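S.K.: Here's the letter readout for the chains.
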Amino acid sequence: EAQVTQNPRYLITVTGKKLTVTCSQNMNHEYMSWYRQDPGLGLRQIYYSMNVEVTDKGDVPEGYKVSRKEKRNFPLILESPSPNQTSLYFCASRLVAGGLETQYFGPGTRLLVL
Amino acid sequence: AQTVTQSQPEMSVQEAETVTLSCTYDTSESDYYLFWYKQPPSRQMILVIRQEAYKQQNATENRFSVNFQKAAKSFSLKISDSQLGDAAMYFCLTQGGSEKLVFGKGTKLTVNP
Chain F
105 EAQVTQNPRY LITVTGKKLT VTCSQNMNHE YMSWYRQDPG LGLRQIYYSM
155 NVEVTDKGDV PEGYKVSRKE KRNFPLILES PSPNQTSLYF CASRLVAGGL
205 ETQYFGPGTR LLVL
Chain C
400 AQTVTQSQPE MSVQEAETVT LSCTYDTSES DYYLFWYKQP PSRQMILVIR
450 QEAYKQQNAT ENRFSVNFQK AAKSFSLKIS DSQLGDAAMY FCLTQGGSEK
500 LVFGKGTKLT VNP
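In the order they appear, the protein sequences are chains F and C. Counting from 105, one number per residue, gives the positions in the first sequence under my numbering. Counting from 400, one number per residue, gives the positions in the second sequence under my numbering.
Here chain F stands alone, though its shape is the one from the complex (with noise of 0.2 Å):
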């Protein structure tokens, strides 16, 4: 089955302790992103990978980084997560850059930060 996994769904941490949210996709994809979703801000976008060791900047990069070491896998750091990046995150993936391919979101981990 096509998808895309993220690991752990739910996290409860503290300010400060460093954490990763995985992101894996099973299709094939060139294209990965990330995108932090905040009630009445819609969805915006984190970072964002063209193909593997080709990552960049989308809106709201503060305070994250990512790797793209492996076409399939887009893990999101957050090296000294704040309470202001307690949200809803999303990884999503697309077969090619620049297509009208449908992108295909993850189920979401839902990040509270203390």
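Just so you know, these hints were derived from the structure itself, not from any lab. Treat the numbers as computed from the prediction; the structure is a model and nothing was measured. C-beta: ideal position from N, C-alpha, C; glycine also. Take the hints with a grain of salt, since some may be wrong.
Claimed, not checked - From the derived model, a few chain C residues whose C-beta atoms are all more than 10 Å from chain F:
1. Thr426
2. Gln443
3. Asn461
4. Asn466
5. Lys472
6. Ser475
7. Thr509
Said to hold, decoys possible - Partner residues are not named here, just some residues of chain C that face chain F (Cβ under 10 Å, in silico):
8. Gln405
9. Ser441
10. Phe490
11. Leu492
12. Lys499
13. Val501
Unchecked claim - DSBU-like cross-link-like pairs, simulated, lysine-lysine; straight-line CA separation at most 30 Å:
14. Lys499(C) to Lys173(F)
15. Lys169(F) to Lys504(C)
16. Lys504(C) to Lys477(C)
17. Lys507(C) to Lys472(C)
18. Lys472(C) to Lys161(F)
19. Lys472(C) to Lys454(C)
20. Lys504(C) to Lys161(F)
21. Lys507(C) to Lys161(F)
22. Lys454(C) to Lys169(F)
23. Lys477(C) to Lys161(F)
Dock chain C against the given chain F, drawing on the hints supplied.
M.R.: Coordinates of chain C only, in the frame set by chain F:
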């Protein structure tokens, strides 16, 4: 910079009736795509319909259709014969050549039995 505006934070419709959700956008891209996604209470993002900006013909997917007015930069979604399962948050988004997706803030649709 690309922007997407959904002017209706909430909408409601009676089951079996028709509802239209509005979306306007602004982009400097010459080639771009437009999408509607729905997000039910499960929080999963589900593609509803998509439109290539260079195509004049409005996209249709079963009960869902769009009214794409390129000059006006308008991309509204019409849901016909509304069903209880259509209740969700609906997001309009653009995708330009810069690869960046820009989302509207969403419209919460309630379907009344």
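S.K.: Compare the structure with each hint and give your call.
M.R.: Cross-check of the supplied hints:
1. Thr426: 15 Å, holds
2. Gln443: 6 Å, violated
3. Asn461: Asn461(C) is indeed farther than 10 Å from all Cβ atoms of chain F, at 16 Å.
4. Asn466: Label holds. Min Cβ-Cβ 19 Å, cutoff 10 Å.
5. Lys472: Given a closest Cβ separation of 18 Å, the condition holds.
6. Ser475: Label holds. Min Cβ-Cβ 17 Å, cutoff 10 Å.
7. Thr509: Holds, since 17 Å exceeds 10 Å.
8. Gln405: 8 Å, holds
9. Ser441: 8 Å, holds
10. Phe490: 6 Å, holds
11. Leu492: 8 Å, holds
12. Lys499: 6 Å, holds
13. Val501: 8 Å, holds
14. Lys499(C) to Lys173(F): 21 Å, holds
15. Lys169(F) to Lys504(C): 25 Å, holds
16. Lys504(C) to Lys477(C): 18 Å, holds
17. Lys507(C) to Lys472(C): Since the Cα atoms of Lys507(C) and Lys472(C) sit roughly 22 Å apart, the hinted pair holds (cutoff 30 Å).
18. Lys472(C) to Lys161(F): The given pair, whose Cα atoms are some 26 Å apart, holds under the 30 Å limit.
19. Lys472(C) to Lys454(C): 14 Å, holds
20. Lys504(C) to Lys161(F): 20 Å, holds
21. Lys507(C) to Lys161(F): 29 Å, holds
22. Lys454(C) to Lys169(F): At roughly 37 Å apart (the allowed maximum being 30 Å), Lys169(F) and Lys454(C) break the hint.
23. Lys477(C) to Lys161(F): Roughly 34 Å separates the two Cα atoms, so the pair is violated.
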